[in-house]
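Protein sequences, first through last, are from chains A and B.
The first sequence begins at 1 in this note's numbering and counts up one residue at a time.
The second sequence begins at 312 in this note's numbering and counts up one residue at a time.
It should be emphasised that the hints constitute simulated quantities derived from the structure, not laboratory data.
Careful, some of the hints might be misleading.
[As the list claims (entries may be wrong)] List of simulated lysine-lysine pairs, DSS-like, C-alpha gap at most 25 Å:
1. B:K370 x A:K258
2. A:K291 x B:K836
3. A:K309 x A:K260
4. A:K260 x B:K370
5. A:K197 x A:K260
[Said to hold, decoys possible] Cβ-Cβ distance ranges computed for the label pairs, FRET-style:
6. B:F513 x A:R10: 43 to 51 Å
7. A:T61 x B:F359: 52 to 60 Å
8. A:D60 x B:H786: 46 to 54 Å
9. B:L726 x A:R120: 48 to 56 Å
10. A:R212 x B:D846: 20 to 28 Å
11. B:F513 x A:D14: 44 to 52 Å
12. B:M484 x A:R212: 30 to 38 Å
13. A:P288 x B:E766: 37 to 45 Å
14. A:A3 x B:L726: 32 to 40 Å
15. A:P288 x B:P518: 34 to 42 Å
16. B:A775 x A:P288: 37 to 45 Å
17. A:D53 x B:F359: 46 to 54 Å
Here a beta-carbon is modelled for each residue, glycine too, at the ideal position from N, C-alpha and C.
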Amino acid sequence: MLAASAVLGRALRDRGGFGVAQSGATRQVRDYRIATASQELAELAIARPRPDDQEPPTPDTLVRRAVDAMGGMQRFVSRGDVVVIKPNIGWDRMPVHAANTNPDVVAAVIKLVFDAGAKRVVVADGSCNDPNRCFQRSGIWRAAYNLGAEVVLPQEHRFRNMRLKGDVLDEWPIFTTLVEADKVINVPIAKHHNLAKYTAAMKNWYGVLGGRRNRLHQNIDTSIADLATFMRPSLVIVDAIRVLMRNGPQGGNMDDAKDKHTILATVDQVAADAYGCTLIGQHRDNLPYLKMGHERGLGTMYWETLRVKEV
Amino acid sequence: MQSKEPVGEKKRGQKRLGTPARPIIRSLVWLRRFSQVFFFGLFMYFLFQTAFRGSFAAKADTAVRLPLPVEAFLLADPFVAAMTVLSTHTVYRGLLWSLGILALTLVFGRVFCGWLCPFGTLHHFFAWLLPSKRGRGGVRVEANKTHGYQRAKYYLMYAFLLAAVGGSAIGGMFDPICVAVRSIGLGVIPAAQYVTGRGLGFAQNVPVGAVQRGADHTQDFLARTIWQSRQFYFHQTWLIVFLLIAVLFANRIIPRFWCRVLCPLGAFLGVLARFALFGMEKAHAKCTDCNLCLVNCQGADSPQGGVKWRQDECHMCMNCEGACPEDVIKFRLLPNRKSALVTPDVDRRTTLAAVGAGAAFLPAVRVADALDVNYHSKVIRPPGAVEERAFLERCIRCAECMKVCPNNALHPSLLEAGIEGIWSPILIARVGYCEHSCVLCGQVCPTGAIQKITEKEKTGIGMAPVKIGTAFYDHGRCLPWSMGTPCIVCEEFCPTSPKAIWVEEVMAPMREAKFGADGTEPAMKLVKLQRPHVDPSLCIGCGACEKVCPVQDQPAVYVTSVGETRSKTNVILLENTSYTTSR
């Protein structure tokens, strides 16, 4: 009895004080990259209309061309995989506004992933506006549902605290759906961003964060680099079918966006953004987060050093 | 829902004494119970559906609307219709449905109270559940006799109708449907979600996969059916919930306290019940004063022998005839009125006093400063709200708009809009902002206090947008303005195009982080900053900037009501000041 109460007392005793924060040992990484690489396959594939195309190819065709140049989806997805697709579903905007990933691009990726033998495909994102509206009005909910993919909205209970141990991002609530998978495919949309100037692949990982994201803008470049360090996707497919040229990241006016009919596929998030920013007339030297990613070894900002295939 | 235990020693299941009730009455009593459960369930279902949860089936360009008429109970409410007819001299759209309840009352009396009203059913249930030990037997019979305090509801009803004539729909504070939507929607449901969330949150931390998945799926299911995917909070809602608990608890002392003593809708229908074609006849001579009829009487309407039946108080629950062992009580079409009083037993002087009080309400609250001269800057009305005076003529504080708002932006005001505006909707941007292309609050508003605008009208495609206020910067708190730190989240979230928030690029002096070795001042440097400004001609006052400002406790950008489209006096800019055209 006495011993039991002593044990209980020891277990329940609150010593007070602030306690000591756990020392930040190593960065957390969710690495979904595939190991295999071939010397023939592209490292950065750029799909855009060919000279012999009568009219601009459909998003579906462009996605297929780009992924084929990368070695096809079978290279990235194995039979029986649970695959998470992370588009940008941040804003209550329609596809014509080009603030969210084009639903046709998402649909094309889902089809390829299912064709490669995936067991389950999950589409999810942490929206900025009301998620119900974002998922519905982006057209992605309907497109994904029609193809049999699961759509997970960012409900509060889906977030758990995790220590990222980045330079500015230490402990944050993480959208668990996005990090519980065999393979993760990053499907951002290329667009203008008034603070970061141009954003697509690396910035897309803002969607895994819950909590008060508004603080991140005080050091937006480092937080983008921290997130790209944390999330290493199997494949990046950048939607540049229609690109928001100004008023980013949410746009809202059809005139803010321009048709570019381009799809990028790569395994290098840094190169994806370094090339992608040229689409809105930006240059890699103006985007500090690219330099940070480059120096951290996440990829190369000198995309032309990769095997680039235009298809 | 009936107590099976009448007066005396009779035990459950024992054979009934005396003449059995007519089969038709026995089936009507069951039909009534079924109807009560059905309409209460329907009311709750509509309340759960007063939320936009998105759809996988909708196309990107499908307009976002609720598929069901979730405000139906309010549209069918004759007291709401009567108040708004008196205050606006018009009948707003769907309120014509209330003619149905009116017609029903003119044929059958207050069947609405006994058969349909969800709030009445709630009280019926609690009066059955909650009587104290002392509230049984003879005490209960005594409590169910007609009492003078039952007149209070008529005085309240007359006062509210006169206040409506003056131009205030304040009576909605006491309308039972409004009370039910407000207290359950803004109090009970969020509280249930809070408790459930805590419990399931605990389950999610159990390190067993099956338990975690079970908790997740339960959360998913509840978020898509009962509540939404995040916790909602409502400004000062404790008072609303406290009053609900108080009236439910009152059933312990006076059964159906709310329905008998306070309900202005019941009183309104009670006045009309005098014309009912259906009613009760009594054969006084046969009555043995057993008082079984009183045990489960809902309206306290004197069903017993020797006194006159009070048609205006009766809920038509039929319990009395079902209980009568002596064939005294008979409900029938076109009864003789010898043993009935059909008009409310109100005191003429008190009625006049109540009418006077109602008439005096508006001048009394308007000479307080809240409306004409010292309008509160935080009274930001929902998009599509009509001008403040017209708004107060229409707003019945039913809280439908607050319940449906997807961003938890609309809240019941307490005293911000004056005592006259208590529980009317205001936008608290720090909790949630007005979603740019959402018009759901107008869709569910039953009285037109918030008009049914379209997305085009709200966002201003081809016309001027609907503004509900204007944003202002507090430079002393703003990071780029006073702390040399980049930010502009406000600009990122600003939903208009072109954006109402624009940034000025500056090179501003900022000191280095490190002090010198011997405590000398740090060196100065120049940092590149984007400093935000508001263009008041483009700002719509949605509050997105205020919501996302990282200065957490008191934001560096905030919205006030000035510049709202609906007002011609609450303005900043010259070009908005028009006294000749509306909007």
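Checked hints:
For the given pair, B:K370 sits about 22 Å from A:K258 by alpha-carbon distance, which is consistent with the 25 Å threshold. Distance restraint check for A:K291 and B:K836: the Cα-Cα separation of roughly 23 Å lies within the 25 Å cut-off, and the hinted pair is therefore satisfied. Note on A:K309 and A:K260: the hinted pairing holds, with a Cα-Cα distance of about 18 Å set against a maximum of 25 Å. With a C-alpha separation of about 24 Å, the suggested pair A:K260 and B:K370 falls inside the 25 Å cut-off, and the hint holds.
In summary, the hint linking A:K197 to A:K260 is supported, as the alpha carbons are separated by about 18 Å, within the 25 Å threshold. For B:F513 paired with A:R10, a C-beta distance near 24 Å fails the hint of 43 to 51 Å. Judged by the Cβ atoms, the range 52 to 60 Å given for A:T61 and B:F359 is violated: they are separated by roughly 44 Å. Hint check: A:D60 to B:H786, Cβ distance near 50 Å, so the stated range 46 to 54 Å holds.
For B:L726 paired with A:R120, a C-beta distance near 53 Å keeps the hint of 48 to 56 Å intact. Range check, A:R212 to B:D846: Cβ separation about 27 Å, and the 20 to 28 Å hint holds. Hint check: B:F513 to A:D14, Cβ distance near 20 Å, so the stated range 44 to 52 Å is violated. At roughly 36 Å, the beta-carbon separation of B:M484 and A:R212 lies within the given 30 to 38 Å, and the hint holds.
Distance hint for A:P288 and B:E766: a CB-CB separation of about 38 Å, consistent with the stated range 37 to 45 Å. At roughly 60 Å, the beta carbons of A:A3 and B:L726 sit outside the given window of 32 to 40 Å. The given range of 34 to 42 Å is respected by A:P288 and B:P518, whose C-beta atoms sit roughly 41 Å from each other. Distance hint check: the CB atoms of B:A775 and A:P288 are about 40 Å apart, consistent with the given range 37 to 45 Å.
Checking the proposed 46 to 54 Å range against A:D53 and B:F359 shows it holds: the Cβ atoms sit about 51 Å from each other.
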